[in-house]
Amino acid sequence: MNRVAIAGASVGGLAAAEALRKAGYTGAITLIGDEPRPPYDRPPLSKQLLSGQWAPDRLDLRPPADIDALGMELRLGVRATGLDLARRTVSLSEGADVPYDALVVATGVRARRLPGTEGMAGVHSLRTLPDALALKERLRPGRRLVIVGAGFVGAEVAATARELGVEVSLLESGPVPLAHAVGEEAGRFMTRLHLEHGVAVRTGAVVAEILRDGAETAGVRLADGTVLPADDVLVAIGSEPNTEWLTGSGLTVQNGLVCDEYCAAADGVYGVGDAARWHNRLFGTDMRIEHRTNAAEQGMAVARAILGDPRPFAPVPYFWSDQHGVKLQAYGHLRDHDEALVLDVDPEGRRLLVAYRKADRLVGVLAAGKPPKLLRAWRALIAAATEWTAALAITAV
Amino acid sequence: MKVSVDADKCVAAGQCVLLAPEVFDQREEDGVVFLLDEAPGPDLHDGVRESAMVCPAAAIHLAES
Ligand SMILES: Cc1cc2nc3c(=O)[nH]c(=O)nc-3n(C[C@H](O)[C@H](O)[C@H](O)COP(=O)(O)OP(=O)(O)OC[C@H]3O[C@@H](n4cnc5c(N)ncnc54)[C@H](O)[C@@H]3O)c2cc1C
Ligand code: SF4
Numbered sequence: 001m002n003r004v005a006i007a008g009a010s011v012g013g014l015a016a017a018e019a020l021r022k023a024g025y026t027g028a029i030t031l032i033g034d035e036p037r038p039p040y041d042r043p044p045l046s047k048q049l050l051s052g053q054w055a056p057d058r059l060d061l062r063p064p065a066d067i068d069a070l071g072m073e074l075r076l077g078v079r080a081t082g083l084d085l086a087r088r089t090v091s092l093s094e095g096a097d098v099p100y101d102a103l104v105v106a107t108g109v110r111a112r113r114l115p116g117t118e119g120m121a122g123v124h125s126l127r128t129l130p131d132a133l134a135l136k137e138r139l140r141p142g143r144r145l146v147i148v149g150a151g152f153v154g155a156e157v158a159a160t161a162r163e164l165g166v167e168v169s170l171l172e173s174g175p176v177p178l179a180h181a182v183g184e185e186a187g188r189f190m191t192r193l194h195l196e197h198g199v200a201v202r203t204g205a206v207v208a209e210i211l212r213d214g215a216e217t218a219g220v221r222l223a224d225g226t227v228l229p230a231d232d233v234l235v236a237i238g239s240e241p242n243t244e245w246l247t248g249s250g251l252t253v254q255n256g257l258v259c260d261e262y263c264a265a266a267d268g269v270y271g272v273g274d275a276a277r278w279h280n281r282l283f284g285t286d287m288r289i290e291h292r293t294n295a296a297e298q299g300m301a302v303a304r305a306i307l308g309d310p311r312p313f314a315p316v317p318y319f320w321s322d323q324h325g326v327k328l329q330a331y332g333h334l335r336d337h338d339e340a341l342v343l344d345v346d347p348e349g350r351r352l353l354v355a356y357r358k359a360d361r362l363v364g365v366l367a368a369g370k371p372p373k374l375l376r377a378w379r380a381l382i383a384a385a386t387e388w389t390a391a392l393a394i395t396a397v
Numbered sequence: 398m399k400v401s402v403d404a405d406k407c408v409a410a411g412q413c414v415l416l417a418p419e420v421f422d423q424r425e426e427d428g429v430v431f432l433l434d435e436a437p438g439p440d441l442h443d444g445v446r447e448s449a450m451v452c453p454a455a456a457i458h459l460a461e462s
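Chains as they are written, first to last, in the working numbering: chain A, 1 to 397; chain B, 398 to 462.
The set of hints was computed from the structure by calculation and includes no laboratory data. Careful, some of the hints might be misleading.
Under the rule of at most 30 angstroms between Cα atoms (straight-line distance), these lysine-lysine pairs were calculated in the DSSO-like manner [unchecked claim]: (1) 399(B) to 373(A); (2) 136(A) to 373(A); (3) 370(A) to 47(A); (4) 327(A) to 358(A); (5) 22(A) to 370(A); (6) 22(A) to 399(B); (7) 399(B) to 358(A); (8) 399(B) to 136(A); (9) 327(A) to 47(A); (10) 358(A) to 373(A); (11) 406(B) to 327(A); (12) 136(A) to 358(A); (13) 370(A) to 406(B); (14) 358(A) to 406(B); (15) 327(A) to 370(A); (16) 370(A) to 358(A); (17) 327(A) to 373(A); (18) 406(B) to 136(A); (19) 136(A) to 47(A).
These stretches of chain B come out as covered by chain A in the derived footprint (C-beta under 8 angstroms, 3 or more residues) [said to hold, decoys possible]: (20) 401-415; (21) 426-440.
Chain B is nowhere near these chain A residues, computed Cβ spacing over 12 angstroms in every case [said to hold, decoys possible]: (22) 14; (23) 41; (24) 53; (25) 134; (26) 227; (27) 245; (28) 294.
Note that the Cβ used here is the ideal one computed from N, Cα and C, for glycine as well.
Let the hints inform the model, and build the full structure from the sequences given.
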């Protein structure tokens with residue numbers, strides 16, 4: 001093992017590189033990333049960066065000296081364009097092919113767009129720092145922002161934009177915002193919080209057309225005919241894995257690079273982070289999750305596997321979200337639950353605790369406005385695959 | 398090894414506390430990190446390095462000596 005190539009220079013790719021070095025690997029590491037900027041953090045894009053609390057350099061994942069100390073060949077501003085599994089090489093948008101003994105695929109996801117809106121002035125996505133800076137530029141008191149899609153990115157931007165005095169409409173095509181991710185109970189709790197803070201939440205809202213006024217955006221027209229005037233539109237309708245460069249390589253791509261429980265996609269090829277779908281043995285299911293901590297943990301797991309010590313990657317997923325000053329935290333696999341049981345909710349809508357059941361097991365927990373330490377006990381129960389009634393009995397004391 | 402944390406950046410994820418409970422703890426009310434040990438002994442270094450790697454806010458800094 002002498003040559004490791006890593007495609008994607010963000011949190012997942014960087015974690016793999018750091019973990020390799022930490023484990024004593026002294027061979028070559030080539031880190032290929034199509035963004036020109038050294039690895040930076042995305043969660044603050046919709047929060048502290050957009051609000052103006054933080055300048056862009058606070059997003060750097062590591063100080064430049066720490067990146068240098070890793071002794072990597074950094075190919076920033078360069079895109080991986082193809083993979084030859086037999087020759088074990090990655091082709092690039094510029095320069096010679098990169099040979100590898102092990103390849104880490106950490107190319108993440110990009111924001112899904114509304115067809116035909118590419119490059120329209122006033123129509124935004126939010127995935128990269130340039131995206132966030134462009135949106136931030138437009139958010140001024142009294143301006144009108146329509147957010148298409150009430151997932152986490154859309155909901156966080158709604159909260160930040162309200163803080164900045166922007167008039168915000170948040171459109172959800174389903175009946176309850178965030179419900180597909182965290183269930184209707186938590187979705188309704190968050191909806192109430194948004195309404196209280198002056199966000200105009202519209203459910204069952206399907207966008208038919210972006211309205212133009214010359215070169216500018218004038219608003220959106222919904223399928224039911226409603227016209228919502230706007231200065232800007234943020235399209236936050238989910239994401240698509242950046243896996244096109246693997247097309248024709250022989251690897252299986254199916255809403256993410258398909259990996260086994262060790263995060264291996266083929267001999268010597270591993271998937272990490274938002275781009276990877278792997279089998280999580282703890283929940284007995286394949287998953288692809290877009291959570292900040294997962295990308296780092298998976299990068300570390302893959303480094304171990306590359307160095308000959310593969311262990312099943314079976315974490316309890318964790319994510320958080322900040323909206324209107326309320327911190328939401330969740331452990332586990334909340335999607336596809338059979339039951340979401342509200343264990344605590346206060347009348348003011350500041351506090352929430354929900355437990356999630358799948359079959360007869362506790363598979364997740366979500367809390368808002370609770371002391372974060374409280375969740376650790378729940379995390380342990382999820383990690384131990386605790387039976388539902390037993391888990392509720394334990395946590396009731 | 399000297400450890401420092403940026404409480405301002407911390408998002409209260411508690412990953413550090415899971416990995417190195419001897420070195421990190423979280424404030425009761427808001428879960429923000431604080432240090433129990435700024436210069437942990439060698440037996441704790443691995444856990445601390447892992448914490449710095451997984452911390453979702455890149456809020457943990459190490460000065461290795
Ligand atoms: C606005 C926003 C807010 C978020 N908030 C939270 C939050 O509060 N909590 C949470 O848990 N998670 C949050 N996330 C999710 C978190 O940021 C991601 O899970 C994390 O960034 C995933 O890291 P990654 O390394 O897998 O992929 P990415 O960060 O997507 O990085 C992939 C990198 O690879 C590059 N790339 C793509 N294709 C190629 C190619 N062919 N060649 C070379 N390079 C390529 C991309 O440009 C990118 O730089 C948020 C994300 C966004 C966008
Ligand atoms: S892991 Fe990082 S974000 Fe989480 S509590 Fe520790 S310092 Fe804070």
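How the hints compare with the structure:
| no. | hint | result |
| --- | --- | --- |
| 1 | 399(B) to 373(A) | holds, 25 angstroms |
| 2 | 136(A) to 373(A) | violated, 33 angstroms |
| 3 | 370(A) to 47(A) | holds, 20 angstroms |
| 4 | 327(A) to 358(A) | holds, 25 angstroms |
| 5 | 22(A) to 370(A) | violated, 35 angstroms |
| 6 | 22(A) to 399(B) | holds, 17 angstroms |
| 7 | 399(B) to 358(A) | violated, 44 angstroms |
| 8 | 399(B) to 136(A) | violated, 37 angstroms |
| 9 | 327(A) to 47(A) | holds, 12 angstroms |
| 10 | 358(A) to 373(A) | holds, 24 angstroms |
| 11 | 406(B) to 327(A) | holds, 14 angstroms |
| 12 | 136(A) to 358(A) | violated, 40 angstroms |
| 13 | 370(A) to 406(B) | holds, 19 angstroms |
| 14 | 358(A) to 406(B) | violated, 34 angstroms |
| 15 | 327(A) to 370(A) | holds, 8 angstroms |
| 16 | 370(A) to 358(A) | holds, 24 angstroms |
| 17 | 327(A) to 373(A) | holds, 13 angstroms |
| 18 | 406(B) to 136(A) | holds, 20 angstroms |
| 19 | 136(A) to 47(A) | holds, 11 angstroms |
| 20 | 401-415 | holds (count 8) |
| 21 | 426-440 | holds (count 3) |
| 22 | 14 | violated, 9 angstroms |
| 23 | 41 | violated, 6 angstroms |
| 24 | 53 | violated, 10 angstroms |
| 25 | 134 | holds, 24 angstroms |
| 26 | 227 | holds, 39 angstroms |
| 27 | 245 | holds, 26 angstroms |
| 28 | 294 | violated, 9 angstroms |
Hints 2, 5, 7, 8, 12, 14, 22, 23, 24 and 28 from the list above are not met by this structure, while the remaining hints are.
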